[in-house]
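Visitor: Chain order of the listed sequences is G and S. Sequential numbering of the first sequence, starting at 1, is according to this note's numbering. Sequential numbering of the second sequence, starting at 1001, is according to this note's numbering.
Simulated from the structure, these hints should not be mistaken for lab results. None of the values given here were measured: they were computed from a predicted structure. Cβ coordinates follow ideal geometry from the N, Cα and C atoms, glycine included. Some hints could be false.
Claimed, not checked - Derived DSS-like pairs (lysine-lysine); straight-line CA-CA distance at most 25 Å:
{"hint": "1", "chain 1": "S", "residue 1": "K1005", "chain 2": "S", "residue 2": "K1056"}
{"hint": "2", "chain 1": "G", "residue 1": "K55", "chain 2": "S", "residue 2": "K1093"}
{"hint": "3", "chain 1": "S", "residue 1": "K1111", "chain 2": "S", "residue 2": "K1093"}
{"hint": "4", "chain 1": "G", "residue 1": "K41", "chain 2": "S", "residue 2": "K1111"}
{"hint": "5", "chain 1": "S", "residue 1": "K1054", "chain 2": "S", "residue 2": "K1071"}
{"hint": "6", "chain 1": "G", "residue 1": "K41", "chain 2": "S", "residue 2": "K1056"}
{"hint": "7", "chain 1": "G", "residue 1": "K41", "chain 2": "S", "residue 2": "K1054"}
{"hint": "8", "chain 1": "G", "residue 1": "K55", "chain 2": "G", "residue 2": "K14"}
{"hint": "9", "chain 1": "S", "residue 1": "K1037", "chain 2": "S", "residue 2": "K1056"}
{"hint": "10", "chain 1": "G", "residue 1": "K41", "chain 2": "S", "residue 2": "K1068"}
{"hint": "11", "chain 1": "S", "residue 1": "K1037", "chain 2": "S", "residue 2": "K1054"}
{"hint": "12", "chain 1": "S", "residue 1": "K1054", "chain 2": "S", "residue 2": "K1068"}
{"hint": "13", "chain 1": "S", "residue 1": "K1111", "chain 2": "S", "residue 2": "K1037"}
{"hint": "14", "chain 1": "S", "residue 1": "K1056", "chain 2": "S", "residue 2": "K1071"}
{"hint": "15", "chain 1": "G", "residue 1": "K20", "chain 2": "G", "residue 2": "K66"}
Stated by the list, open to error - Derived, one-sided and incomplete: chain G residues facing chain S with beta-carbon distance under 10 Å:
{"hint": "16", "residue": "F28"}
{"hint": "17", "residue": "Y58"}
{"hint": "18", "residue": "P97"}
Said to hold, decoys possible - Facing chain S, a subset of chain G residues (Cβ under 7 Å, in silico):
{"hint": "19", "residue": "P40"}
{"hint": "20", "residue": "G53"}
{"hint": "21", "residue": "G107"}
{"hint": "22", "residue": "T113"}
Listed below are the residues making up each chain.
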Amino acid sequence: GAVVSQHPSWVICKSGTSVKIECRSLDFQATTMFWYRQFPKQSLMLMATSNEGSKATYEQGVEKDKFLINHASLTLSTLTVTSAHPEDSSFYICSAPDRVRGEQYFGPGTRLTVT
Amino acid sequence: DQQVKQNSPSLSVQEGRISILNCDYTNSMFDYFLWYKKYPAEGPTFLISISSIKDKNEDGRFTVFLNKSAKHLSLHIVPSQPGDSAVYFCAAKGNAGNMLTFGGGTRLMVKP
Chain G
1 GAVVSQHPSW VICKSGTSVK IECRSLDFQA TTMFWYRQFP KQSLMLMATS
51 NEGSKATYEQ GVEKDKFLIN HASLTLSTLT VTSAHPEDSS FYICSAPDRV
101 RGEQYFGPGT RLTVT
Chain S
1001 DQQVKQNSPS LSVQEGRISI LNCDYTNSMF DYFLWYKKYP AEGPTFLISI
1051 SSIKDKNEDG RFTVFLNKSA KHLSLHIVPS QPGDSAVYFC AAKGNAGNML
1101 TFGGGTRLMV KP
């Protein structure tokens, strides 16, 4: 079946540094990808919609200068957490809709811990 | 304002019995509904979906029921197995775009 991968699966970084998370659709092309954030015991919160060839669309309250999104190709979107702070520690998940199959597939998630 | 709500944060069921997870929505523009299962530190896994033109969809042990007039859907798992223990999210989508709106999730615990 369709697979969406994320890299890295787990990262620890120091406050003030930047971290890049990759999301790849492995056997289908995705002109759109979604980035979610999940806090412990809470629901998935949509952060932004990544659009291939154009700017990302951010949800209300999400700082676009802090969470940089680049949809580099039809199979790759990246989320860069800039100048990370401990409150950015969370579980970040991407998803990509497969228009052919008509389903949306999720990546395995990336756990970010900022110390 | 939460457009998709799962009012039960947790549910405990005995192995072999039926698990019923509920979900309510407020946006009448939603026309496609999905259920996802999620283990800790993993991404959600698609379980089953239903279009608004149907009122029931069945796949093995999983059945989703949709009541459009009540804006309510439910996921039935029968028989429940210990491996079903996870957090279940319902999600809804409108006919424009692929953005999903998630409910808050229900943690299902199936006891052996």
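Visitor: For every hint, state whether the structure bears it out.
Guide: Results of checking the hints against the structure:
1. For the proposed pair S:K1005 and S:K1056, the alpha carbon gap of about 20 Å is at most 25 Å, so the pair holds.
2. For a cut-off of 25 Å, the pair hint linking G:K55 to S:K1093 stands: about 22 Å separates their Cα positions.
3. For a cut-off of 25 Å, the pair hint linking S:K1111 to S:K1093 is broken: about 33 Å separates their Cα positions.
4. Between the alpha carbons of G:K41 and S:K1111 the distance comes to roughly 20 Å, so the proposed pair stays at or under 25 Å and holds.
5. Straight-line distance between C-alpha atoms of S:K1054 and S:K1071 comes to about 13 Å, which keeps the hinted pair within the 25 Å bound.
6. Between G:K41 and S:K1056, the direct Cα distance comes to roughly 29 Å. Violation of the 25 Å bound is thereby established for this hinted pair.
7. Only pairs whose Cα atoms come within 25 Å are accepted, and G:K41 paired with S:K1054 is rejected, the gap being roughly 32 Å.
8. Restraint check: the Cα-Cα separation between G:K55 and G:K14 comes to about 28 Å, which exceeds 25 Å; the hinted pair is violated.
9. A C-alpha spacing of about 19 Å is found between S:K1037 and S:K1056, which places the hinted pair at or below 25 Å, so the restraint holds.
10. At roughly 29 Å between alpha-carbon atoms, G:K41 and S:K1068 are farther apart than 25 Å, so this suggested pair is violated.
11. The hinted pair formed by S:K1037 and S:K1054 meets the criterion: a straight-line CA distance of about 22 Å does not exceed 25 Å.
12. Of the supplied pair hints, the one linking S:K1054 and S:K1068 holds, its CA atoms being roughly 9 Å apart against a limit of 25 Å.
13. Note on S:K1111 and S:K1037: the hinted pairing holds, with a Cα-Cα distance of about 17 Å set against a maximum of 25 Å.
14. The suggested pairing of S:K1056 with S:K1071 holds, with an alpha-carbon distance near 14 Å, which does not exceed 25 Å.
15. Taking the CA atoms of G:K20 and G:K66, the gap is about 12 Å. The hint holds against a cut of 25 Å.
16. With 10 Å as the threshold, the beta carbon of G:F28 stays out of range of chain S, its nearest partner Cβ sitting at about 13 Å, so the hint is violated.
17. About 13 Å separates the beta-carbon of G:Y58 from the nearest beta-carbon of chain S, more than 10 Å, and the hint is not met.
18. Interface hint at G:P97: satisfied, since its Cβ lies 4 Å from the closest Cβ of chain S, which is below the 10 Å cut-off.
19. For G:P40, the interface hint is violated, the least distance from its beta-carbon to any beta-carbon of chain S being 9 Å, above 7 Å.
20. At a threshold of 7 Å, the smallest CB-CB gap from G:G53 to chain S is about 16 Å, leaving the interface hint violated.
21. For G:G107, the interface hint holds, the least distance from its beta-carbon to any beta-carbon of chain S being 5 Å, beneath 7 Å.
22. Interface hint at G:T113: violated, since its Cβ lies 12 Å from the closest Cβ of chain S, which is beyond the 7 Å cut-off.
Figure legend: structure checked against the earlier numbered hints; hints not met, in rising order: 3, 6, 7, 8, 10, 16, 17, 19, 20 and 22.
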